[in-house]
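Now for the letters of each chain:
Number of protein chains: 2
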Amino acid sequence: MSALISQVRVLAAQLGAYVGEVVTLKGWVHNVRHMGNLAFLVLRDRTGLVQCVLEGELAGRPIENESVVAVSGKVVAALKALGGVEVQATGLEVISAPSMPLPFEINKKEVKAGLESVLDHRVLSMRNPQIHAVFTIQSALAGGFREYLSSQNFTQIFTPKIVATGTEGGSNLFPIEYFEQRAYLAQSPQFYKQMMVGAGFERVFEIAPVYRAEEHNTSRHLNEYLSLDLEMGFIQSEEDLMDLETGLLRHMFAKVAAECAPELALLGVTVPEIAAIPRIPVAEAQAIIERKYGKLSPKGDLDPEGERLICQYVSEGGKPALVFMTRYPREIRPMYAMPAPENPNLTASFDLLFNGLEITTGGQRIHNAQMLVESIASRGLDPESFSTYLEVFRLGMPPHGGMAIGLERLTARLLGLSNIREATAFPRDRTRLTP
Amino acid sequence: MSALISQVRVLAAQLGAYVGEVVTLKGWVHNVRHMGNLAFLVLRDRTGLVQCVLEGELAGRPIENESVVAVSGKVVAALKALGGVEVQATGLEVISAPSMPLPFEINKKEVKAGLESVLDHRVLSMRNPQIHAVFTIQSALAGGFREYLSSQNFTQIFTPKIVATGTEGGSNLFPIEYFEQRAYLAQSPQFYKQMMVGAGFERVFEIAPVYRAEEHNTSRHLNEYLSLDLEMGFIQSEEDLMDLETGLLRHMFAKVAAECAPELALLGVTVPEIAAIPRIPVAEAQAIIERKYGKLSPKGDLDPEGERLICQYVSEGGKPALVFMTRYPREIRPMYAMPAPENPNLTASFDLLFNGLEITTGGQRIHNAQMLVESIASRGLDPESFSTYLEVFRLGMPPHGGMAIGLERLTARLLGLSNIREATAFPRDRTRLTP
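From first to last, the protein sequence lines stand for chains A and B. Here the first sequence stands for residues 1 to 435, where the numbers follow my numbering. Here the second sequence stands for residues 1001 to 1435, where the numbers follow my numbering.
Same shape as in the complex, but just chain A:
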């Protein structure tokens, strides 16, 4: 191993504390400009960018962008440079040079490549600071989810993604060859999270992938996505769940604002402060959309344009909009949805819309075994095929409910990304299985 690479490393963001000292930096070559006898090398590490000034022999050396290098030199204050410092390089070693032409440049503010190419060469595109920032923020959102729920006494659970049957009667499932048997990829941890409530954990959450074998290939759908799931026992009504989600999102957003300030600045995004989130029955929302915008909605639901319009309606002066839609009809909600106390044709369920897109589905669930059996049968499904799920309801089950937040959708809406694939490191869709 060469001399520089074995030196202890200082990170770009730490350099302010090292002015006047000689340090070693390690990272990727973001950019090099040759100016006669000088060269300006911008080095990129996980904390940011720093300019290194090369002179004489060092300036003459050919260095390709995206090479992994170690640079040593003296840190000096430089008001005009990135972060107010630069490094007067006295040593430079190439650890790993690219051995293929770069498919596109990533050292400009925008990557000039189509989304397909960006996804085909995902490792390269994620090196672009703007694209990189998306996934740093996504990590903070997931961390905030866990932190807040832990503070509320929730237990993290891990439930199987290989399942014997679907949660909704069998459509949109990916089949697996499981030894001699046929199994499926889980569409949601719905049954298992309810079972864990009934197993006495009462409050549980799971951060895990879910699978939907949906044929359509849209900017808002993935066939594998991250579901932030929670389920909570001993609730009074779905109002408790909307209260919980309000506090949860407030914490997640505050964490992003606190920990990802440079990333937000790079993306030009301000995280919304969450006050109370309005709760509007879907029938009322439909009436508002028709009255205000002359738009009719499908029976009992909003279509994507309706979701955009109701967000526009609640948004004051173009501010970010969050709105709960409540009281969906039973016929468009799953068999486990609790009927509304005042009208058995409606449910104690809700969706949360964020800037025009549904990012959460939730609600109170039926906890009475007999009522659940009847609800299953009323859908034309056979209660017998749900026997392991039904057991928990036959063993004493508290009132409960929960929700699922789509992590990629939440990230995309927060950051104003138009395609959910931009908030997914390695998306899986109708046609994409690689990288």
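Hints in this document: simulated from the structure, not taken from any laboratory. These numbers were taken from a predicted model, which means no experiment stands behind them. Using N, Cα and C, we set each Cβ at its ideal position, and we do this for glycine too. You can trust all of the hints, since none of them are fake.
Computed footprint of chain A on chain B; a stretch qualifies when at least three of its residues, placed anywhere within it, have a C-beta under 8 Å from a C-beta of chain A:
{"id": "1", "stretch": "1003 to 1016"}
{"id": "2", "stretch": "1157 to 1165"}
{"id": "3", "stretch": "1195 to 1202"}
{"id": "4", "stretch": "1208 to 1215"}
{"id": "5", "stretch": "1361 to 1369"}
Chain B regions said to be covered by chain A (calculated; three or more residues, Cβ under 8 Å):
{"id": "6", "stretch": "1062 to 1071"}
{"id": "7", "stretch": "1091 to 1098"}
{"id": "8", "stretch": "1135 to 1148"}
{"id": "9", "stretch": "1396 to 1410"}
Residues from chain A that keep clear of chain B, each with C-beta distances beyond 12 Å, as calculated:
{"id": "10", "residue": "18"}
{"id": "11", "residue": "22"}
{"id": "12", "residue": "78"}
{"id": "13", "residue": "113"}
{"id": "14", "residue": "267"}
{"id": "15", "residue": "270"}
{"id": "16", "residue": "276"}
{"id": "17", "residue": "277"}
{"id": "18", "residue": "278"}
{"id": "19", "residue": "309"}
{"id": "20", "residue": "357"}
Starting from the known structure of chain A, fit chain B onto it as the hints suggest.
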């Protein structure tokens, strides 16, 4: 809704602060004893057990174990009772009564049922306080993993579990019907976590399931298990990784000790304090095992008995044993394992053994594209079929390495559980797909 269930609830563990006050409790009936005019009902909620004393009409009411109930009454100090308090009940409502006979009792210290029955009726068995404690501790271990790595500047990543090819050339994969294509369940996030290091995140972790279509059905294998994965760029050698894991496990164990004291007490487990963990080359361990115990090992590796014996050797006086095995031969490690600097037939890799069982596999990886292509070819594999993986090595890749910790194995070893299924909420094995 009845009167009591809509009351605000006090949890069992909070009652010490309510002596002299009237409260409402909600939970499951753990046990009822009728004693003439009195009945003693032990209520169980997510925080523990509390005794409620029923008199008169209340004492005469038939109540089945595992009913979900709300009990109101006055909290009184009672030195002999659980937690030093009991509740003199004045109200009792059954929210949900079991509608099937309990397959076994869960209110004794040990559940008197075989493992198959325990797993068949998982919701019921997890209500047993001892079994419950296992999963509370598992949640804390996962939380500790995330906390420690976040403190060390790691980014949480989410990579696909549906993949086009295996990481090791195609054996032990579960096939999926992915629309018109054939895909597989990921055996590990190995390639993706390396790619995320090379995408500039440098330090990444993932908590997610992995899948192994292994035919054997043993007490130490699952076909779907939770892998705590991490990968780290700019390391000097695999020693950095063993240092990191030492600090990581120290934090995870300390978190369990701090947050799960009641659960540990219930299980009679003391969490080991981790000092330095010895690092022994596998050849040396083989020699020790032969010299001390007269046992021969398979070529370049330890078998399960050898893993037990080397742990016995490093354990002083039966104390919990943690030991790193290092310098495994190349032929038994994957194609991406970095050769050892002093001997190209060995690798800069390691396993961590904990009380006789391998709980971690890790090591430095090859980061040079040409060397990796040669390593792939030397296994008789076609480098072309790894082209999306190889791209990151052709775009500038730092020295790096990582590891994977099996969460169920770690939990089982920490708690002295003999079968890994005891540390799995809903195990998937050769024959089990439900619940």
